[in-house]
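Quick note, the sequences are listed as chains A and B, same order. Quick note on this note's numbering: the first sequence kicks off at 1 and runs consecutively. Quick note on this note's numbering: the second sequence kicks off at 1 and runs consecutively.
Think of the hints as simulated: they come from the structure by calculation, not from any bench. Certain hints may be false.
Subject to a maximum C-alpha distance of 30 Å in a straight line, what follows is the list of computed BS3-like cross-link-like pairs (lysine-lysine) [stated by the list, open to error]: (1) Lys211/A with Lys265/A; (2) Lys265/A with Lys364/B; (3) Lys364/B with Lys92/A; (4) Lys211/A with Lys271/A.
Here's a subset of chain A near chain B, in silico, CB distances under 10 Å, partners left out [as the list claims (entries may be wrong)]: (5) Arg64; (6) Ala65; (7) Val79; (8) Phe97; (9) Thr100; (10) Asp103; (11) Ser191; (12) Tyr195.
If you only want the chain B side, here are some residues facing chain A, beta carbon under 10 Å, derived [said to hold, decoys possible]: (13) Asp8; (14) Val88; (15) Val516; (16) Pro517; (17) Gln523; (18) Glu527; (19) Gly536; (20) Ala544; (21) Leu546.
Don't be surprised by glycine CBs; every beta carbon is placed ideally from N, CA and C.
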Amino acid sequence: MSGVITETAVTIRVDGQEVAVPEGATILDACDAAGVETPTICYGPTLTPVNVCRVCVVELDGSRALVPSCSRPAEEGMVVHTDSERVRHSRKMVLEFLATGVDASQADELGQWAEHYGADPDRYVPGGETMNEPVRVQDNLYIRDYDKCVLCYRCVEACGDDAQHTYAISVAGRGFGARISTEFDVTLPDSACVYCGNCVAVCPTNALQFKTEFDLRQADDWRPEDQTVTQTVCSYCGVGCNLELHVQDNQIVKCTSPDDHDVTKGNLCIKGRFGWNYV
Amino acid sequence: MADLHFGDDQPTEAERAAIDAIVPQADAATIVETERVVRGGRSRRHGLRHLLLPVLHSLQHEIGWISPGGLNGAAERLGVPPAEAYGVATFYELLRTTDPGHRDDIVHVCVDPACALVGNDDLRASLEADGARVHASPCLGQCERAPALFVQGVGRPDRVPADDGEDFRLPQAGDPGLRVLRRVGVVDPTSLDSYRSHGGYQALARAIEMGPDAVITAISDSGLSGRGGAAFPTGIKWRAVADEPGPDKHVVANCDESEPGTFKDRIACEHDPFAVIESMTIAGLATGAPHGWIYIRGEYPRATARLESAIVQARAAGLLGDDAAGGGQRFDIEVRRGAGAYICGEETALFNSIEGFRGEPRNKPPFPTTHGLFSQPTAINNPETLINVLDIVIDGPDAYRSVGTERSPGTRLFCLSGRIGVPGLYEVSFGTTLGELLDLAGGPTGDLSAVLLGGAAGVFVGPDALDMPLTLEDTREAGATLGSGVVMVFDDTVDMEAIVVRIAEFFRDESCGQCVPCRVGTQRQHEVLVELHGSGQPLAPQRAELIDDMALAMVDASICGLGHTAASAVRSALALGLIGNSQ
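The shape of chain B in the complex, shown without the other chains:
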């Protein structure tokens, strides 16, 4: 191909087949000689580039790594410079760019806090003793059934051993107060008929009757806000996308939850996948967006399979496609798998990842509502937010506001893990206190020392916070956050310094490396904590000052939320005296 240079390494037959499986021959990048690929730069090269990550997944899965020949084959086929394809391949935890020398499955063992509390070290040792190819992994999103494993297959499907024969049951099963989780564990997640018999697709029919404007007004009036962490008002987001001219708009479901301690979207997608599809369709019709995308963690094979199956069934029933559900507009959904990168949960990093670029966040403004996926207007929401839309459309905003508080209406999902009686996913009204939530989950199993609220990007709170109502406004006032709904419980037997060192390590590992404050700040923060942990001494004043100085720069000058929050749990642990005061 003109202008792009490829090395001498050629793909093997198997590698070619892995590429062909994703890129149909007919669609291969055909660049006519007179149309130089360089013209128009980045935008011109978009063509097939969005297939880069799926192709790399395919190579990894079939061959066990991305070889120079495989990379060349993929790059040439998609019209991507090999250096850039390599930059993308080396960005992701689940992709290997060195020859492992074997074709064994890779067993990912979670090393994050919830799993550290229940003996992941022992599990890892025993797996290694059995000859497994073990890879230490950040949170795998299975904290309610820790310690977590994920088996990345080579030539075989990926799998999560805990899924095999799991008798899934919500701790709150049968609770009439459930809204978002109403169908979870009740409906057959593999059957459209079952979903319909539990009220499914009534909301979409109602939304079509109402029309886009009335739907968005209802969402705005309900006070629904994003459940991914930033709590942005959903109605404002949808309105902004609807107001953008032209048909090239997108709806994205952000199922890349990777915040340590978070597993809510996995459970929602596994056990109520049609609700995600239906609510995305409503979003598509309301905003005038024909293109739907689901970006889901690579470590969630069952949720991925169920979403894909739901899409196929919905398409066959006319609920997706050229005239989706008879709403007079095209809407269809593509599923894209992440490949192990926390940062790709950041919305603009997610867009870059889908587009086939490195998952580096973009500077904002401009915002996704005007410049999102492929630089086109995009409404991006997480599954919990989307599923809330169904009740709002059917019952109206007033009924939706009948629980919760004025500023935090409705319910919220919480992921309980750690030293708690019954770990699992819970749904309670906003305004429930932290203590009430812990009681609902069987209470702490030991003497409560701290709760990590909101995940690694959140903060630790102490036992004195048990009376705090879990609302956006109360947590904000207390300097805390609900984040992605993580409630990880620790008792006084836990080595909190080890936990906090791991949180710092997590941010160091997951920083994309793009901006200096986060790339270097997360590294140096981790070094300070390792030094502290090894010293057995109290934190020296000049080290405390350094931590504060680094934190302020990360908050003020980083590009995205990862850097902004990378020091918050660390500093809250220091403020609470959980770490730093060894004798």
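In isolation and in its complexed conformation, chain A is listed as follows:
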């Protein structure tokens, strides 16, 4: 949900089905309310929509181009189609485009949607440009593997206006050469980064990974199916952030917080995120 939610309801049609949503809700909210599943990449429930990935586009009667459902407010009387030929085509192409240039091997949801829409990244000119970035391992807390980056801006927003207000990273460069970067690509320890890990929490493709996860994956020993999650409350200060401790082989391997938690909205600070070695 975004914007101001008031009591007033707005009624729109999604694939022929009438749904009422509060004023200020988006078309995506209406799709959710109608039980229509929508692929998203750059959208995050805790972030302001930046509508850049364009995979959530829908056809809106009266609009020449497709519209991003994540950011477009629902207006009374809108008629929306989420499974038309045009919508399926654009969604397929977005997923195909990403798969041609990005290592999506750890982006499970992306892969499932690509299969759903029949994306075929192999039909492009062989040897085309890719992200082609080395893994940046600059500290013991998290790594950046921009070969996996889809430039969804979620980390930038989480580091900036939407959560942390640290502004350690931005998009730099232009076009296909655009990359998430610190100033002059300085290392994270030299940057404004405060190691809250909130960027890692919102990354949809595992381009940002906790170092613990990265090391285990390198050792071919990352086993989510064997992991348990323990809920607890952070013991460092009185704010009361909920922690989810992910445990594999009796070792904590990462720490997250639920997106829907009143206090954290998925965000933590360096202590809660990384300060669990004493356990």
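We have chain A; now place chain B onto it with these hints.
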């Protein structure tokens, strides 16, 4: 400063001076300790951020690049996070973020089609042989005098060699049918008195007599539509801004024309700058906007200088300022230079650029009339559109409609280049056929094979389109567009595949990279065309299908007009058989 982190690199004395030249000490961001800069996020940080691009220009110009120390100094002074300042600096072609290792001027050589037709490769080779620091550049907006050069000075003013000693003359000089170009080449562009003696500032006086409502009604009745490419009705735009409450509104002249093949606004601003200032003032008074902005290409030093001089003279004469021309309202104008980014001609990208953010287009709605510059109501028009306003105000909408067609009234500027007898800027009534326009310009110099209409974002048409009347409605019906008025002529000796590969490369280079369909689509489209060009084979059916599939996604799902039009010239070239059918 609280909350922002800066690295250890400090600006040198020279870098500090370059920053101080733009940001007066008194205006430096003073954030009191209790007022955390983070509060309010993006809106709170607006303060001085709009000076970021001018400061980066200043550093580039004085030092030759944006160093880590220079960037830190600029960022700290303006209260901008250094990572974001770096994101902005790396967005622009004219700004360097790596040490070039020298302080030589940079010679930009145009590599776009009009210049490719007249030996820009040879020019480039000879410049390089002479030891010049050559940089391949997209269209420099000098297609009528191709091949084009622009010299970016380090410690010296930027210059365009072709300006030196140019004996400027319009091909249609003296034609009584000229409206927009009436004063071009006639008036002294450096003199307010000369402008006045050629009828200048009569329209503003008349507009003040009429009042805002009557002015906007006249514009609406005239049927004037935007000349930048989208052809939106100007009266509707102005009315919407006028209807917005409050005094914080803006009028922006979009002089960032970067569409390959377009040079009309450069000529208008260079040779009739006061007309741009006067018509902007009318727009300001009509819409109730006190703030005027001119955003002009960084590659247009002469036009920039003349506009700045015109503003100074107009201000001194009371035609700008607290009570502009005695109209009872404040209106003044600031000039902002672009730094080499086609996308900044897109209106919302232009706003972001002025505000000191990356020139990435915003999603619409909301539209600029309600959420424009600084998220405030904004009327944005290009110079050609604005200059049309002068005649409409003086002569009335009926006289304005005496030429052109019902749905495309008035005249239109066309930029003729390529294989044409007399390249240059022409003004003809809407409804003139393409063939008549080519004849007026001396006709094709060889066997006509195609005309690129509307620029790289337009379409190719073949010789069978010579009878097409150049109107909004006729071109639309033919699946073409007038775009920004580009008419680039090709004959049958031109390697059209090379031309189309370059057009695809242009879009790849100029995509801002924000949305997936355009960022990746323009890249993959270019790869398909490079493969085709190198193969000597006809386009394979599966490749043709891929081009169509990519085009449809770019049209349907891109954020802005760049993505929407990035495939149109390519597909029209294929449809006409200009490319793709090699034996």
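Here is what the structure says about each hint:
Only pairs whose Cα atoms come within 30 Å are accepted, and Lys211/A paired with Lys265/A is accepted, the gap being roughly 23 Å. Taking the CA atoms of Lys265/A and Lys364/B, the gap is near 28 Å; set against the 30 Å cutoff, the hint holds. At roughly 23 Å between alpha-carbon atoms, Lys364/B and Lys92/A fall within 30 Å of each other, so this suggested pair holds. About 16 Å separates the Cα atoms of Lys211/A and Lys271/A, which keeps this hinted pair within 30 Å; it holds.
Satisfaction of the interface hint for Arg64/A is found here, the shortest Cβ-Cβ separation to chain B being roughly 9 Å, below the 10 Å cut-off. The beta carbon of Ala65/A is positioned within 10 Å of a beta carbon in chain B (closest approach about 6 Å), and the interface hint is therefore held. For Val79/A, the suggested interface contact is broken, since its CB lies about 17 Å from the closest CB of chain B, more than 10 Å. Using the Cβ-Cβ criterion of 10 Å, the hint placing Phe97/A at the interface with chain B is satisfied: the shortest such distance is roughly 4 Å.
Satisfaction of the interface hint for Thr100/A is found here, the shortest Cβ-Cβ separation to chain B being roughly 7 Å, below the 10 Å cut-off. For Asp103/A, the interface hint is violated, the least distance from its beta-carbon to any beta-carbon of chain B being 14 Å, above 10 Å. Interface restraint check for Ser191/A: the shortest CB-CB distance to chain B comes to about 7 Å, inside 10 Å, so the restraint holds. Because the beta carbon of Tyr195/A sits about 12 Å from the nearest beta carbon in chain B, more than 10 Å, this interface hint is broken.
Taking 10 Å as the C-beta contact cut-off toward chain A, the hint placing Asp8/B at the interface holds, the least distance being around 8 Å. Proximity of Val88/B to chain A holds as hinted, the smallest CB-CB distance being about 8 Å (cut-off 10 Å). A cut of 10 Å between beta carbons decides the hint on Val516/B: the least distance to chain A is about 5 Å, and the hint holds. A distance limit of 10 Å between C-beta atoms decides the matter here; for Pro517/B the minimum to chain A is near 6 Å, and the interface restraint holds.
Because the smallest distance between the Cβ of Gln523/B and any Cβ of chain A comes to about 4 Å, under 10 Å, the interface hint for this residue holds. The restraint placing Glu527/B at the interface with chain A holds, with a minimum CB-CB distance near 4 Å, inside the 10 Å limit. Here the hint on Gly536/B is broken, as its CB sits about 16 Å from the closest CB of chain A, past 10 Å. Evaluation of the Ala544/B hint against chain A yields a violated restraint, the C-beta minimum of about 12 Å exceeding 10 Å.
With its C-beta approaching chain A no nearer than about 6 Å, Leu546/B sits inside the 10 Å limit, and its interface hint holds.
Taken one by one, the earlier hints fail for this structure at numbers 7, 10, 12, 19, 20, listed in ascending order.
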